[in-house]
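K.L.:
Okay, here's what each chain looks like letter by letter:
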Amino acid sequence: AQSVSQHNHHVILSEAASLELGCNYSYGGTVNLFWYVQYPGQHLQLLLKYFSGDPLVKGIKGFEAEFIKSKFSFNLRKPSVQWSDTAEYFCAALMHTGGGNKLTFGTGTQLKVEL
Amino acid sequence: EPEVTQTPSHQVTQMGQEVILRCVPISNHLYFYWYRQILGQKVEFLVSFYNNEISEKSEIFDDQFSVERPDGSNFTLKIRSTKLEDSAMYFCASSVRYEQYFGPGTRLTVT
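Top line first, the protein sequences correspond to chains A and B. So in the numbering used here, spot 67 of the first sequence is number 635, and the numbers just go up one at a time. So in the numbering used here, spot 39 of the second sequence is number 155, and the numbers just go up one at a time.
Hints listed in this document are in silico derivations from the structure and should not be mistaken for laboratory results. Any given hint could turn out to be false.
[As the list claims (entries may be wrong)] When the alpha-carbon atoms are kept at most 20 Å apart in a straight line, the in silico EDC-like pairs for lysine to aspartate or glutamate are as follows: (1) A:K680 x A:E632; (2) B:K173 x B:E184; (3) A:K626 x B:E215; (4) B:K199 x B:E175; (5) A:K680 x A:E656; (6) B:K158 x B:E184; (7) A:K639 x A:D622; (8) B:K199 x B:E215; (9) A:K617 x A:E583; (10) A:K680 x A:D622; (11) B:K158 x A:E656; (12) B:K194 x B:E184; (13) A:K617 x B:E175; (14) B:K194 x B:D179; (15) A:K617 x B:D178; (16) B:K194 x B:D178; (17) A:K629 x B:D179; (18) A:K637 x A:E588; (19) A:K639 x A:E588; (20) A:K629 x B:E184; (21) A:K617 x B:D179.
All values derive from a computational prediction rather than experimental measurement.
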C-alpha cells in the first residue's frame, strides 16, 4: 500500500541551528509531494510543494525541500531555525493512482525551537 | 486571501447521535475533501468530492458517513450514528486541482 513515513517524531533545536526533517514515500508512479506546517492552534498551511522540474523547491519562511526520486525522499530543510518555527510539520504525497487526489500524510514531526 | 472555513470549531455529541460538520471551501475550487486526525495519530483521508459526486473514499468512510454539497458554497460531512472512535479533528480541504488548502478543523468529541 502507498505510504509516507517521517523518521523524526520530536525534534528540539536551538535557534540558528540547521534543520532537516526526513520524509520517504512508497509508490513507484507519478507523485506530487508537499510539506504542511501546523502552528499551535492553527490550521494546516502549505509550506512548499513539488510537482515536476527542479527537484530543489523553495517555500515560504526560508524552507526548502529536495526531491530525490531514487531514494523516494522529500526532505525538508532550513539553514537557520527561529523560535517561531516551533510547530508540527507534515509530509504528504499525492500518488496518482487514478483516484480522487487524496493526500497520504506522514505521522508528523513536532519541532520545538528553544531560545 | 481566501480561506476554507469550518463550523463548528468544537462539537460534543453523545454516542449514537447524528452530527453534521460544515465547511465552506474556497469559492473557485472544484475538488473538496474531508480528512480526520485522531489524537496522536496521522491525518487520514476520508473522502474526495468532485463534480457533485464522490470521486474516492477510504475504508474509514463507511455507510455511517455521507457528504453533500447542498448549495453552491457549503460542503458537509454527516456522521449518522456517532461512535466513541469517531472522536477526532475533522479537516475540510479544497483545491483547484492538486494543491489542497485546509480549514481550521472541527474537533468532534463523542461521549
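K.L.:
With reference to the structure, classify each hint as holding or not holding.
P.N.:
Verification of the supplied hints:
no., hint, result
1, A:K680 x A:E632, "18 Å, holds"
2, B:K173 x B:E184, "14 Å, holds"
3, A:K626 x B:E215, "16 Å, holds"
4, B:K199 x B:E175, "16 Å, holds"
5, A:K680 x A:E656, "9 Å, holds"
6, B:K158 x B:E184, "25 Å, violated"
7, A:K639 x A:D622, "16 Å, holds"
8, B:K199 x B:E215, "32 Å, violated"
9, A:K617 x A:E583, "25 Å, violated"
10, A:K680 x A:D622, "30 Å, violated"
11, B:K158 x A:E656, "11 Å, holds"
12, B:K194 x B:E184, "8 Å, holds"
13, A:K617 x B:E175, "27 Å, violated"
14, B:K194 x B:D179, "10 Å, holds"
15, A:K617 x B:D178, "31 Å, violated"
16, B:K194 x B:D178, "11 Å, holds"
17, A:K629 x B:D179, "42 Å, violated"
18, A:K637 x A:E588, "18 Å, holds"
19, A:K639 x A:E588, "16 Å, holds"
20, A:K629 x B:E184, "36 Å, violated"
21, A:K617 x B:D179, "34 Å, violated"
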